[in-house]
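Visitor: Starting from the known structure of chain A, arrange chain B on it as the hints suggest.
Here are the chains, one letter per residue:
Number of protein chains: 2
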Amino acid sequence: MYEGPVQDLIDELGRLPGIGPKSAQRIAFHLLAAEPADVTRLQEVLQQVKEGVVFCGVCGNVSEQETCRICADERRDKTLVCVVEEPKDVLAVERTREFKGRYHVLGGALDPLSGVGPDQLRVRELLARIGADDITEVIIATDPNTEGEATATYLVRILRDFPGLNVTRLASGLPMGGDLEFADELTLGRALSGRRAL
Amino acid sequence: MYEGPVQDLIDELGRLPGIGPKSAQRIAFHLLAAEPADVTRLQEVLQQVKEGVVFCGVCGNVSEQETCRICADERRDKTLVCVVEEPKDVLAVERTREFKGRYHVLGGALDPLSGVGPDQLRVRELLARIGADDITEVIIATDPNTEGEATATYLVRILRDFPGLNVTRLASGLPMGGDLEFADELTLGRALSGRRAL
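Heads up: the sequence lines are chains A and B, in that order.
Residue numbering for the first sequence follows our numbering, beginning at 346 and increasing consecutively.
Residue numbering for the second sequence follows our numbering, beginning at 346 and increasing consecutively.
The following block holds chain A by itself, in its conformation from the complex:
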């Protein structure tokens, strides 16, 4: 469509998730008109990420050091581990400011159709942590969708053999600020079955 490098850039941008042909074109022309220093900065952060990002040896979160800030923080409760799918889920839980324990990032959820089984996730590392540390509770905070629920079920099955370990799951129910009328039936069903005594 366009000539040479412009089309190459549009093609490459179009391969990124959530960027369609129109957005790719718009970004490409933005970069074309941008200061060379801005493009250089983008190239540099790509280089840094390619070279520099390490994953925390303990929890599997993205990290600058061998051990991430959370795992290195002695004030965080070592006995409590929250199991999430992705690094961005760590951020979501951190934003609540409610959780004082540590994390374990699985690196995805069970999805046999896409070839993701327990061996593709950091399940073995989780079992090793539970065996080695004084972990008393594992909170399973995988996504409330098919893959996340399957992963939670799988983890509950293998974790219940550890003596003295509590395995819990995030509550499902109505989102705060929502409207009962607009809740889907699955969410409303979960909210009903998970009702609490007042």
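It should be emphasised that the hints constitute simulated quantities derived from the structure, not laboratory data.
One should not assume that every hint holds.
No more than 25 Å apart at the CA atoms, straight line, and that leaves these computed lysine-lysine pairs for DSS-like [as the list claims (entries may be wrong)]: (1) B:445 - B:423; (2) B:433 - A:367; (3) B:423 - A:367; (4) B:445 - B:433; (5) B:433 - B:423; (6) A:445 - A:423; (7) A:445 - A:433; (8) A:433 - A:423; (9) B:367 - A:433.
All of these numbers come straight from a predicted model, not from anything done at the bench.
Guide: Same frame as chain A, now just chain B:
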């Protein structure tokens, strides 16, 4: 939020047009998990665009050569010039397969509030082309919005002094495949005032 290079990448991606914090995060984690070769390819096309994109000396479109493919094509009608704001507008007109003339890319539209006056656009180059070549018609195909209309009005005013030059504007009216009921009043008004005899 995240540590080091990951957050830098999210910040840089978030500066691109149409990419919010959530998309930036999603793309960053995609790149983190991508093959290094894919990231390298993205870096390379950025480099190429920074170094290699030239603008056609005749029409101002993006080009690989000093003269773009369209201006270099002897089969295209030299007497007919379609004036557009941006290179992507050239592509839009080309897709119609209706236009056999050449283009002139202004590089934007008049927008005094953003400091874009006639000197920031390729207006002088347009006047030079009209003076030098045997151009008999200029089709003004700027966007049908405030800036585009102002640019069209300005161009009409300075082009009507050229003897024997026809200046035309793309028709405004109802989009094909649309629904009269859902047309906004401005578009419907334009369609009425521009009605044609059958």
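Visitor: Take the C-alpha atoms of residue 433 (chain B) and residue 423 (chain B), compute the straight-line distance between them, and say whether it is at most 25 Å.
Guide: 21 Å, holds
Visitor: Quickly compare the C-alpha distance for residue 445 (chain B) and residue 423 (chain B) to 25 Å and report which way the hint goes.
Guide: 9 Å, holds
Visitor: Does residue 423 (chain A) lie within 25 Å of residue 445 (chain A) when you go C-alpha to C-alpha?
Guide: 9 Å, holds
Visitor: Compare the distance between the alpha carbons of residue 367 (chain B) and residue 433 (chain A) with 25 Å, and conclude whether the hinted pair is satisfied.
Guide: Between residue 367 (chain B) and residue 433 (chain A) the Cα gap is close to 10 Å, so the pair holds against 25 Å.
Visitor: Does residue 433 (chain B) sit within 25 Å of residue 445 (chain B), going by the straight-line distance between their CA atoms?
Guide: 17 Å, holds
Visitor: Given the hinted pair residue 433 (chain A) and residue 423 (chain A), is their Cα-Cα distance within 25 Å?
Guide: Given that 25 Å is the threshold and the Cα spacing comes to 21 Å, the pair holds.
Visitor: Residue 445 (chain A) and residue 433 (chain A): Cα distance at most 25 Å?
Guide: 17 Å, holds
Visitor: Does the alpha-carbon distance linking residue 433 (chain B) and residue 367 (chain A) stay inside the 25 Å limit?
Guide: 10 Å, holds
Visitor: Tell me if the straight-line CA distance from residue 423 (chain B) to residue 367 (chain A) falls inside 25 Å.
Guide: 30 Å, violated
Violated hint for the displayed structure: number 3, the only one.
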